[in-house]
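Participant: The lines below spell out each chain.
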Amino acid sequence: MLELINIKKAFNRGTINEKKALNGVNIKLDDGDFVTIIGGNGAGKSTTLNAIAGVWPVDEGSIIINGKNVTGLSEHQRAKYIGRVFQDPMTGTAATMEIQENLALAKRRGEGRFLKWGITRREREEYHELLKTLDLGLEDRMTSKVGLLSGGQRQALTLLMATLKKPQILLLDEHTAALDPKTAAKVLQLSDEIIAKNHLTAMMVTHNMANAIEYGNRLIMMNDGKIIYDVKGEEKKKLTVDDLLQKFEEASGSALNNDRMLLSGNK
Amino acid sequence: MDIFLAKLSTFGNALPGDITQGLIWGIMAIGVFITYKILDFADLTVDGTLGLGGVVAVVLISNGVPVPVAMLIAFLAGCAAGLCTALLNTMLGIPGILAGILTQLALYSVYLDINGKANAPVSVDKFPLVISSRYVTAGNEVVDIIRTVGTALLFVVLIIAALYWFFGTEYGMAIRATGCNSAMSKAEGINTKRTTIIALVLSNGMVGLAGALLAQYQGFADVNMGRGAIVIGLAAVIIGMVLGEVILRKHFNFIGKLAFTAIGAIIYFVVLRIVLMLGLSTDNTKMFSALIVAIFLAVPYLQKTSKTSFRRAAKRSAGAVASVAATESEHFGQVMQNSVTGKKEDK
Chain A
385 MLELINIKKA FNRGTINEKK ALNGVNIKLD DGDFVTIIGG NGAGKSTTLN AIAGVWPVDE
445 GSIIINGKNV TGLSEHQRAK YIGRVFQDPM TGTAATMEIQ ENLALAKRRG EGRFLKWGIT
505 RREREEYHEL LKTLDLGLED RMTSKVGLLS GGQRQALTLL MATLKKPQIL LLDEHTAALD
565 PKTAAKVLQL SDEIIAKNHL TAMMVTHNMA NAIEYGNRLI MMNDGKIIYD VKGEEKKKLT
625 VDDLLQKFEE ASGSALNNDR MLLSGNK
Chain B
40 MDIFLAKLST FGNALPGDIT QGLIWGIMAI GVFITYKILD FADLTVDGTL GLGGVVAVVL
100 ISNGVPVPVA MLIAFLAGCA AGLCTALLNT MLGIPGILAG ILTQLALYSV YLDINGKANA
160 PVSVDKFPLV ISSRYVTAGN EVVDIIRTVG TALLFVVLII AALYWFFGTE YGMAIRATGC
220 NSAMSKAEGI NTKRTTIIAL VLSNGMVGLA GALLAQYQGF ADVNMGRGAI VIGLAAVIIG
280 MVLGEVILRK HFNFIGKLAF TAIGAIIYFV VLRIVLMLGL STDNTKMFSA LIVAIFLAVP
340 YLQKTSKTSF RRAAKRSAGA VASVAATESE HFGQVMQNSV TGKKEDK
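Protein chains in written order, with my numbering: chain A, 385 to 651; chain B, 40 to 386.
So that you can see chain A by itself, here it is in the shape it has in the complex (with noise of 0.2 Å):
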């Protein structure tokens, strides 16, 4: 469960550009939310998850996970709690290491790290059945560098990092965007699938509104760094892409200004 109670956060502050990016922000998640984030450029939507992951302290309010208050907590001391899937497949792994590597760097987030062997004989096999569960082939080559793999296969393997130890909150930050539309249909898929198997509660950031609606039990949409919209349940399965862009005008008084999503949304 995770909670957002108030939260601000501007950037730049006190020069020209100041940009405030947050401006009070709540929300509260029950277990198993799926909940998909949308909203135009600048809208507060990626900043939101960075708030929850703790990239930089924000100025106002307070972020609770499964009753405890995180908002102190650095990035690290927070990564306990969180799984990250980020837009650029490069962000999420370690180029430079090997697969099972990278699977064990995963599988000790939020645990001490000492002098024992970094990766053991009994946690190859389990990264072996693992990768097989993706269908990518990579069971095989699990010595290969991370650095090899396309940008679908990275993508596919931070999310099978993010929830290698079950995380409290799985943040999902455009993590399809960078992708063909094919190799994104199938992360996205898989996503779903890892999320509903694990019962893991997730917030989805996309800019495709078809996406956004499909996926997930809760759509939340965002404008000038609030929630504007926040649906669930048996009415957010009827909206159509439509309704989305009707509810957008309503509740902000202008036309929706991501031209991604516009793109996406009118196919």
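Simulated from the structure, these hints should not be mistaken for lab results.
Just so it is clear, CB atoms sit at the ideal spot from N, CA and C, and this is done for glycine as well.
It is possible that part of the hints are untrue.
[Unchecked claim] Computed spacing ranges between beta-carbons, pair by pair:
#1 A:Ser528 to B:Leu282: 40 to 48 Å
#2 B:Arg266 to A:Ile400: 43 to 51 Å
#3 B:Tyr340 to A:Gly617: 56 to 64 Å
[As the list claims (entries may be wrong)] Residues from chain A that face chain B, not an exhaustive set, calculated with beta carbons under 10 Å:
#4 Phe395
#5 Gly445
#6 Ile448
#7 Lys464
#8 Gly467
#9 Arg468
#10 Thr475
#11 Met481
#12 Leu489
#13 Glu495
#14 Arg497
Given the coordinates of chain A, assemble chain B onto it according to the supplied hints.
Facilitator: For chain B alone, coordinates are given in the frame of chain A:
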């Protein structure tokens, strides 16, 4: 011919010494490898750390401290120097290169505080030094020469084994991840500040130990003994990486990289000897190391840009024109021949 033979024999006589020196500097280069290759941090502290390790060892040994203890303390002094740079960088936000330069400069004063003057001699006649250049020159017993080279080799092998183990552990892997991708490392719960600190401490510890060995080997420590050490270290790393890549190709694993870093240092000193014998003045050795590093770093860059440069594109298109022209002229010749012999082309 006689001159050539004489030079060859001089070279042969000097070879064990060059190899020993290369091995000692190899330890220093392995320290550079840790920061430059694993942590992706250009650490200039080492120029000061080498002299620090040397003077700490010499002063302690001269005051009757057992040699192994003195060397251990030299190692720890190096660690402390690395810690200074690491704290300047991680806690005070000073960019890595500048943090290294600051510590290096301060270490100059630390050296003089420890010794009071620039030069600190230590004689192998008075103290049981672990290694000395005295025993590798021509005229010594072969056993002594082998023992000296072997001692240096033993240190290198032990250090490589220890580092291979360390970087295979959970913590060592966290350090490698930090150098490769710090955003990912944080997301995986790694305290990247701490891993940076540990890596810099370890690296400079190695360099301090190398300084202690070098001072014993040459019989003195000098405040300037580390000047340009980073460049020699980089030269060794780069020569080693290029060579390892060529020789081991796919099998160029972590242990191979550490070993080839030491081999790179040996090659550096052997090549330096050859260049000196060919007439390079000893005043110009620093110029030599700077040039080696500049060339090795520039070649891959130039290769890459030349593949994409406009001039190259122009050449290629000119080449295409030329090859088209060549086929054309060939065809032309054939046609002429046929017309002379009266044959018709069947195709």
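Participant: Does each hint fit the structure? Answer for all of them.
Facilitator: Do the hints match the structure? See the list:
no.	hint	result
1	A:Ser528 to B:Leu282: 40 to 48 Å	24 Å, violated
2	B:Arg266 to A:Ile400: 43 to 51 Å	47 Å, holds
3	B:Tyr340 to A:Gly617: 56 to 64 Å	58 Å, holds
4	Phe395	18 Å, violated
5	Gly445	21 Å, violated
6	Ile448	19 Å, violated
7	Lys464	6 Å, holds
8	Gly467	8 Å, holds
9	Arg468	5 Å, holds
10	Thr475	5 Å, holds
11	Met481	6 Å, holds
12	Leu489	5 Å, holds
13	Glu495	8 Å, holds
14	Arg497	4 Å, holds
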